[in-house]
Every structure is written in structure tokens, then in C-alpha cells.
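**Student:** Take a look at the letters that make up each chain.
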Amino acid sequence: MADAIIKTVIDAAEKNNAIEVLEVTIEIGELTLLNPEQIKFILEVLSEDTILEGAKFNIEIIPARIECPCGYNGRITSNDELDHYNPIISCPSCGGGEFKIIDGRECNIKNIKIEKEE
Amino acid sequence: MHKIAEVEIQNDILIANKKLAKRNQRLLDKAGVFAIDFLGAVGSGKTTLIEKLIEKMDYSIGVIAGDIISKFDAERVKRYNIPVVGLNTGKECHLDAHLVEHGLEDLPLDKIDLLFIENVGNLICPVDFDLGSHMRIVIISATEGDDTVQKHPLIFKEADLVIINKVDLADAVGADIDKMVEDVSRINPHVKVIKTSLKNDEGIEEIIEAILEAM
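Same order as they appear, the protein sequences are chains A and B.
Per our numbering, the first sequence starts with residue 4, numbered consecutively.
Per our numbering, the second sequence starts with residue 2, numbered consecutively.
A hint or two may mislead.
[Claimed, not checked] Restricting the straight-line Cα-Cα distance to at most 27 Å, the calculated cross-link-like pairs of lysine-lysine (BS3-like) are:
{"no.": "1", "chain 1": "B", "residue 1": "Lys196", "chain 2": "B", "residue 2": "Lys57"}
{"no.": "2", "chain 1": "B", "residue 1": "Lys19", "chain 2": "A", "residue 2": "Lys18"}
{"no.": "3", "chain 1": "B", "residue 1": "Lys196", "chain 2": "A", "residue 2": "Lys113"}
{"no.": "4", "chain 1": "A", "residue 1": "Lys18", "chain 2": "A", "residue 2": "Lys119"}
{"no.": "5", "chain 1": "A", "residue 1": "Lys43", "chain 2": "B", "residue 2": "Lys19"}
What the hints contain is simulated information worked out from the structure, not anything from laboratory work.
Work out the full structure, taking the sequences as your base and the hints as a guide.
**Tutor:** Here it is, written out as C-alpha cells:
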């Protein structure tokens, strides 16, 4: 995963004639089982000796949103009863379990800030 | 002069994986292959289940066996003289659509009706990665503890069939099987749950029935 992120960013940086990559912003969905802190750490390690070395990695968390047949469309919150980071158990409105996940499963490389020749 | 520029990328790695997964599924559909992804923890009985299905199902079967570095699972299946590809993820704890695409290249798809894809033993990381299979079977065992379902809800949310294996050992390890079944039903209300003791061939016919129904 981190490797794919690094490759995509290097590719974009090279295409845009970057001398240096200053910042990378990545959106991670709340419902993915990716740990933002781990991802950040791995990205920093993998960026050594590349054009990304020293870049700041910003991770933005995308909150989970569902669309339920009962008409509910919105956020879901963590259920403390369960020993899990953020389980999806039921629709907060009707309590049902048959909903569509609209947001929260992203691992999106949003943008990069680069330094380039004028 | 140097200048600072912001470059929009908007490239979602998981969506990219999904696209590849769709491509895998199109390839499988074209060849008339029904693919099943088997997910479960280390030691839950994934390879045993695959072995039993190979023995009992009257179909041409191929297997992709994912493992981090070893080929043990692939070797276990090879003795059935069917096409087997061992995929090593290297360091990764899950298969992804790209790896499976390479696996498919090495299989005689025109000679296969059913493809079993054994994921890496893990209840967490494989969840985010579609492979292009038509059915996801999650297998857990009584010996993992009866809170396993509660602790890993997402994998059950996405499952098409859930198997609770080693139920014969439930008493010995103090696991409440009914609780495990209830937990699955809360997370995924319509999914079928089958209780098995694969070592004793218990429940295997029911699993075959569920697969045939899905095909």
C-alpha cells in the first residue's frame, strides 16, 4: 500500500518537473483497516533517498457515511460496546445492517506540494 | 528561480485495486470460471477446507494459494494434481488484485470451472482488497475465541458465507458457538453461517450446497 503511494507520488512529481516534494496529502477512510500513524511512518521510511525525502506527509481522515434503505444518509459513530476501532454494526436511525457505505473506504492521494524551476 | 506548486493527484489506491479486481472478474467470467476468495486467520482451516472441497466437488478446480513467504499451502494442494499457483506476497499480509492478476496468467483458465483463492491468514488487511472473486467465504474457528467476530466486524460484513470450524473443540476452549453465530447475524443479517468440524467431515456437504447455490 505504502509502496503504491510512493510510486504514484514520485511519478506525479517527475511529470511536473519537481526538484523537491514538500508535502503529500493523503485521505484515509475511517472504515479502512489502515492505521494512519503506521502508514505515515512507512511512507517516511520509504521516501528516503527519493525525491520525496524530507516531505511532510499529511493524513486526512474521511469520516464514515452510509446510506440506509430506511432513508438515513449520514455519519455513523463508533459503538463502544465492541472492542474495535470503528465497527459498522447498524444504522443509527433504524438499527438495520443492510446499508451502503458511501464514504470511509478511501486511500486517496489527494495532492502534493512541490518545488519546481520557474 | 524556484517556485512552489500544488499538484492535484486524486489517485485512490483502493479504487485502483477495485478496478483491477473488476478486470480479473471479467477475465474469469469470459473463461466461465467461478472464483471464491477464502479468508480467515492462521490455523482456522482454510487449506483443510480447500482440500476437502477438492476431494468432494466434481468440478475442474484450480487454486491460487497466497502465503507471505512459504509455499506450504500450495504444496499441500498440489498433491491433488490440479493447477496450483503459489503467490508470495513478500511482506504484505494480504493478496491484492494485482497479485491475483499475475496468478491468473499462470492458470489454464479454459480448463477450470472453479477457482479457489486462499488469502493470507489474516482477518484484517484482506478486507480492503477485492480480488475479483465471485464469492467471499470467511472461516473462523472455535479455538480463536468466541469474541473473534466482535473483534473483526468488517470482514464479516463483506462475507457471502461464514464458516465456524472446530466446533467439536468449543467446550475444551470454553467458546460459545451460539454467541459467534449471533454476532455474525448482527453484523451481516442475511449471511449463511455453517458450523463445521472439517477434520471429521462435519458440515462439508452444507458448504458445497451453499457454493453450488451461489454459482
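**Student:** All hints are to be evaluated individually against the structure, with a verdict given for each.
**Tutor:** Here is how each hint holds up against the structure:
1. Lys196(B) with Lys57(B): Status holds; Cα separation ~18 Å.
2. Lys19(B) with Lys18(A): Roughly 25 Å between the alpha carbons, so the hint for Lys19(B) and Lys18(A) holds.
3. Lys196(B) with Lys113(A): Measuring from Cα to Cα gives roughly 44 Å; hence the hint is violated.
4. Lys18(A) with Lys119(A): With Cα atoms ~11 Å apart, Lys18(A) and Lys119(A) stay inside 27 Å; holds.
5. Lys43(A) with Lys19(B): Holds: Lys43(A) and Lys19(B) sit about 23 Å apart, inside 27 Å.
Comparing the model with each numbered hint stated earlier shows that hint 3 is the single one that does not hold.
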